[in-house]
Each structure stands twice: as structure tokens, then as C-alpha cells.
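S.K.: Letter by letter, the chains look like this.
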Amino acid sequence: MVLDTSKDLVPAQPTGIWSWITTVDHKRIGMMYGVTALVAFFIAGLEALFIRLQLATPNGTILSADAYNQLFTMHGLTMLLVVVMPVGAAFMNYFIPLHIGARDVAFPRANAFSYWLFLGATIMLLSSFVLGGAPDGGWFGYAPLSTQLEEFVRMDYYAIGAQLLGIASIMASANFIATVFTMRAPGMTLMRIPVFTWMAVVVSFLLIFSLPIFGVGLFQMYFDRNFGTQFFSGGGDPLLWQHLFWLFGHPEVYVLILPAMGIVSEIIPVFSRKPLFGYPFVVFSGIAIGFMGFGVWAHHMYTAGLGPVAEAGFGIATMLIAVPTGVKIFNWIGTMWGGKVRFELPMLFSIGFVSLFVIGGLSGVTHSVVPSDYQQHDSYYVVAHFHYVLFGGGVFGFVAGAYYWFPKWTGRFLDKRMGLWHFWLMLLGFNLTFAPMHILGLNGMPRRTYRYGEGLGWEFWNQVATVGSFIIGVSFLIFAWNLIKSRKNGVEAGPDPWDGRTLEWSISSPPPVHNFDEIPIVEHVDDFWHRKYATDEEGRAVRMTDVTGGTLVETDTGGDGSHEEEDMHMPSPSYYPLVAATGITTVGYGLIYAPGAGWVVAGIGTLITMWGVFGWSLEPVTRDEHHD
Amino acid sequence: MTSQSAPVEVHDHHDIKPIRKAAMWVFLGSECMFFGSMIATFLLYRNETADGPGAEIFDIPFTSASSFILLMSSLTMVLAHNAFENRDPRATRIWLLATAMLGTTFLAGQVFEFTEFVHKGLTLSTSSFGSAFYMLTGFHGAHVAIGVLMLMTMFYLSFSGRLFDDRGLNVELVGLYWHFVDIVWIVIFTVVYLLQV
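Residue numbers (numbering that gives the first Met the number 0), protein chains in the order written: chain A, 0 to 627; chain B, 0 to 196.
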């Protein structure tokens, strides 16, 4: 048996805190992304609860205008850049190599660097609360509000923090693209890649091309604030910021939602026991969304006065982009249609995703109509819309993914009872919170105001929304408790608990360090399914008799045993990524407090960065640790 | 059952070279958007001089000369890469050094030019034109400087005989980056200097 002879060649799972600090294992890095993002999610959720408490009654007195501005800015910034994007990155890190049959990502150390820089930027953004005040100009940071200097460093934290997150994301995206295009297992053609990984590729391209635009805007904002340039003030035009921001900001919307769509596209076929209906359609509509996502940015700026031609053009483009999105809805419904649907927790959350995303998508189409948008702009209607797509869509999708893949991460199921409580409370709380905001918005309640007067007819629905938000809070406390408890005490799941279709289910749970004992040879979409099931004359799936559960890696395809002896070189652990990331974060802190002592800090940071980068690029990729 | 006709080779770790090249191309795509945004900003503000100095202070013959020097460095880079492919450490070393020196000469020209412009009254904060000009050309200069640093790293490696080892950085990748920085300069020189006069 292959496993026995190669046992001593298989790298062992290292333990201890130092092994986590120096890890280059994509699975561990994915875990760290996930845990960091989850912590940030609770912080940002707490900020949201304060906002809802303040707005529960007219003339709320819990928060000052200043505190409110910081909280709503940080809520948005944290949720988008520090929660939803990294959760996507967590899933991508963990599952891209498993989905394509690879041992790791293309650049394991760059991958670790991306994580550490993300962590540094996260700590930086959160530390702003105690180091001079958090950003308070909205997550969109419109000039000239963002370039006013009365508040010393607040929007500098925004400019530098977001810049660092951007650098981390660009590196991670280049890594994922290189991984998928060059490291697929034999036979894993592009049109056999699982949909989640396809969506990850589209997301990576979106980030690669949109983040640098944001980066330029952030530099300009930073220079305006600190070096007296005139990009958005003086002879400059504040509208430039809006263009640069939304040229990033709109693709970013798809960056947030496409991974969730990918996750749902993995889950629904498994729990319907049918292949995904129209796999090529889902893939190509994802790619179409990627392209069209760059052509609709100005629909965020209808009220800026761009003129009728531009507004009509962007309006039509925005309506068109609803088509590839709608296609996917039909694909998911078509997959469930006629399938043997099992209402397990991942499936429940996925159905929640599809339903709520449809509502959010429809209210989005109402924004594309320019005269209608004039009325909705900057009202709570917009808040309702993007929470339906990002929370009802994104977060439901990610939670579905967490329930689906938790057995793969830990070898154990999440508790079903608690999971059901989580689902129903979250669904109820979510709709109680955000459905009333449609009404509030259409009744004229503006966004981003820290209080409202009595007798405007907004009291009742605001109270409902506040009650709903606390129900969401409770549901996530249950989720957190479930995660903590089930990690050690959950029901054992085994390698393939859901009768899965993709390669990650063909290996043990949790997976070994090297992922695959033998690199699989792929012959179908949903290859693992076809290894388990043959098709009889009437087209029904029949379980093959010779394979009865357990590890199915060793199939008869190409297993001539020629590479049994081959030594597995896993990339060596390295602390240089952490050094380099620490250096860049230090430079960031220096720039925030520049000029003056900030330059010294930035100088020290540059030296640390150089140490990290040179150590890293001159260090061999694999040291000969396992050699005889 | 097996439908593949070609024999399938299974490797534990993939040949890293094409992977790194793919990632470098992706990164350069990202850089295109970075410079594109700054060029767009410059085009927006090219007449916003706030009655201060504008494009008339450019010294076209001087900048043409330094542009020529930078473009010649692409030629020496090609020669360095060619020598690298032929596994000739000595020739690689010479052409790497030549490339780095041409790049440094370009940077010196930029420092001189910036000093001149500041004396003539154009600073980062004079006008939106000044802000956009210095940001665009300054970030390009920073890219050239990082390129010189990478070239010198390769130059240093060539002495310890580690030039041909499999490491994170190699001459081919530095070359890709260097040519990209040169091509961007062609666009900047055309848009910023030549279209203005």
C-alpha cells in the first residue's frame, strides 16, 4: 500500500506557537484569516449595535455626533475590508489548492506575507480609536471632507490602513491567479475547476485591476492632507476622488459577493444530489460580471451632475449587469429543481442567501433608474439595499460555507441544534433590521445622520430595526459558541460527510500537511463524485461497489506506483514574511504621524522591511530537511 | 476509462519558473492601472497651473536625452538576460551593472530636473498641475530606483556564484520589471512632456 511505504517521507504536522508564526501552509493561513476576520466581525458588529441603540429613539443621546461618525465609518470600513474580503480570502486560501489538486499555493511565503500585512493593517485601523481618533469620513472617504485637517490623523489612518490592506490583497490575488493557472492537477482543465475556485479567479483579477486605482486615490488624499498638494482642493476637483474611489469601489462590490456565490454554487449541488445546472453558464456569467463590473462605477454618482449622456450610459450598463447575476439565480434554482434536496444547515443558509440576494438585487435594479435614484440617493433605502446584498448575500453565503466546510477543517460537525437556532434567529433578525430601512428610506430618512427629530414618522420602524439588530447579535453569539464547542466536542464527521463532489472530500479531515498523498488525476467536473458513482442505463447514479467510503485517493487511474518513492518537498517555514509585514506596518504608522517623529518611525520600518525582503528573496524555497 | 492519450507526468512540486513569470505579468497588469490612474489625473490637471509655472518650464532636449539613456538600459537588460540564459556569469554581471548605471544616470537627471523646476517655482503644492506632475514622475522614479536595487542585488549574487540558483528573484523577472518601467516612461514622456509643448 502506498501510504505505508511513504509514511516516513510525509511531512509531519508541526505544533506550537512558533510553527504558526512561521507557517507557510495555505490551510493554516486560511484559518488565521478566518479567525482574524471573525474577531473583526464581532467588533464591527458591536459598532453597529451602538449605532442602532443611538437611532432607536428620536434625539438619541447615547453617542455624540463625533463618536457616531467614527463608529459608522469604522463599521463600514471594517466590515468590507477587514471582514468580508478576508473571509473570502480565508476560503480561497484553504480551498483553491484542494480544489485544483495542488499541495500549496504558488508562493507560500508571499501568502504568509499577505496575511501578516493584513493583520498589521487591521491592528493599525483598530488602534486608531485610542491613538488620535478613528476615521470619521465614511468608508467612501469623499473629498473635501476627508482632506480637512482639523482632525489630526483620523483620515490618515484611513488612507494608510486601506493602502496596506490593498497591497496585501494585490499580493494574495497574484498568488491565487498564478496558483490556478499553473498548478492544477493533471486533467484539471479550466472547465473542470470547481465554481468556487473560478469565482476566486475572477475576484483576484478584479482586485488586481481595481486596487491600484484606489491606491492612487489614497496616496492623493494622503498627500493633500500632509504635503499640501492640490488633488482635491485648490485647483483640484473633488469629483476626481469619487471617480477613482468608485472605479475601485464598484468592482469591490463583486469582490465581496462572488466568493459567496461560489460557495453557494458548491453547496447546492451537493445537497440536491445533482450536478450544478449549467456549469459553463455560471462560470461565464461570473467572468461577465468581472468585465462589466468595471463599467458601471458612475451609478454611485448620479447626483454629482455628470450630465444626461453619462447617466443614461451608466444606467443601461447597470441594468445589463443584472443579467449575468440573474442567470446564476436561475442556475441555483434549476439545480434544486427535481433534486433530492436535503435541508442540512449549509443548504438552509444557501437558500437564505439566494432568497435574500434576490430581494437585494431587485432593490439594486431600482437604483439603476436615474430619476428614481435621485430620490433614493443617500437615504436609508440604499442602506437597506446594500445590507441585503452584503449581509443577506455575502454573510449568509459565508456562514453556509462555514457550516459546510467546518467538518473538513476540524473533522467534526457543527452542532445542528444550535445551528438551527442560529439560522432562524439570523433570518428573523436580519429581515427585522433591514426590511424596515426600505420604508424609512422612502419616507426620507437620510443616511449617516446621528439623530432625527420627533414626529417624522420614523420612530416605529427604527425601533423594529434596533430590536432586529440585537436578534442578529444573539444569533452570532450562538454561532461563536457553536464554533468553540464543536471544535473539540462535535460529532465526528469523517472525510466525506456530505457525500461531496469535489476533491477536498477525497482526503482526510482535517487534511494532512501535504494535502494529497498522490496528486489526483482528474477526468470530470465533480471528479470525486464520478469516482464514487457510475451511471446506469437509465442515467441514475449508482454507487460503485469497489469503493466503500474511506480515503478514495488511490484510484486505479494512472496509479502505476512510479512516484511512490518520491520525496515530498513542502516549502520550509519562514519568519521573513512576518518581518517584512511588520516593517511595512511600521512604515505605515510613521507616515500617519509624519512629518516630524513620524519620519524616524518610517525610517526604522524601512530598515525592518529591507531585512525581511532581502532575507526572504535570498533564502532558498525549500531547505533539504527531508533528505536522507 | 482513461481517456488521456498523452502520458501524464505527476510532480510533487511544480517547476517554479513559469509560475513566477505568470505572477510577475499579473503584477505588471496591476501596475498598468496604477500608472494609468496617475496619468489620467495628470491629463485632468495639465492646465490647472494656478498662474504658476506650467509646461513651458520643461527642457525637452534635456529630458529627451535622459529618456534615451533609460531606453538604452532596456537594450543592456536584454543583453544581460541573454547572457543569463547562456549561463555566462561574467557577461551577465557586466550587462547588469551597465543597466543599473544607466538607470542611475536617468535618476540623477530626474533629480537635477526636479531641482531646476523647484527653483523656477513649481513645487508639489504650487498647483494641481505641480501635484500631478511630481506624483506621476516621482512614482516612476521610485520604480526605477527599486529596479536599480534589484539589479544590484543580482549583480551582488553573481559574485557568490548563486546567480543561477533557484531563488525568489532572478534576472528574467528583474528584466520583465525593468522593461515595464521603461515602457511606462515612453508613455509618460509623450503625455507629460511632448503633448504639452
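Don't read these hints as lab results, they were simulated from the structure.
Hints are supplied without guarantee of correctness; some may be wrong.
[Stated by the list, open to error] Distance ranges between label pairs, derived from CB positions:
1) A/Gly325 <-> B/Ser63: 40 to 46 Å
2) A/Arg341 <-> B/Arg161: 52 to 58 Å
3) A/Leu45 <-> B/Pro88: 39 to 45 Å
4) A/Trp17 <-> B/Phe67: 39 to 45 Å
5) B/Ala90 <-> A/Gly325: 56 to 62 Å
6) B/Ser63 <-> A/Val129: 49 to 55 Å
7) B/Asn46 <-> A/Leu305: 19 to 25 Å
[To be verified] Facing chain A, a subset of chain B residues (Cβ under 8 Å, in silico):
8) Ala21
9) Ser29
10) Met32
11) Ser124
The structure presented is a predicted model; accordingly, all values stated were derived computationally and were not measured.
For each residue, glycine too, the CB sits at the ideal point set by N, CA and C.
S.K.: Give a verdict on every hint.
M.R.: Now for the hints, and whether the structure bears them out:
no.	hint	verdict
1	A/Gly325 <-> B/Ser63: 40 to 46 Å	54 Å, violated
2	A/Arg341 <-> B/Arg161: 52 to 58 Å	57 Å, holds
3	A/Leu45 <-> B/Pro88: 39 to 45 Å	60 Å, violated
4	A/Trp17 <-> B/Phe67: 39 to 45 Å	53 Å, violated
5	B/Ala90 <-> A/Gly325: 56 to 62 Å	60 Å, holds
6	B/Ser63 <-> A/Val129: 49 to 55 Å	53 Å, holds
7	B/Asn46 <-> A/Leu305: 19 to 25 Å	21 Å, holds
8	Ala21	5 Å, holds
9	Ser29	5 Å, holds
10	Met32	4 Å, holds
11	Ser124	4 Å, holds
Violated hints for the displayed structure, listed by number in ascending order: 1, 3, 4.
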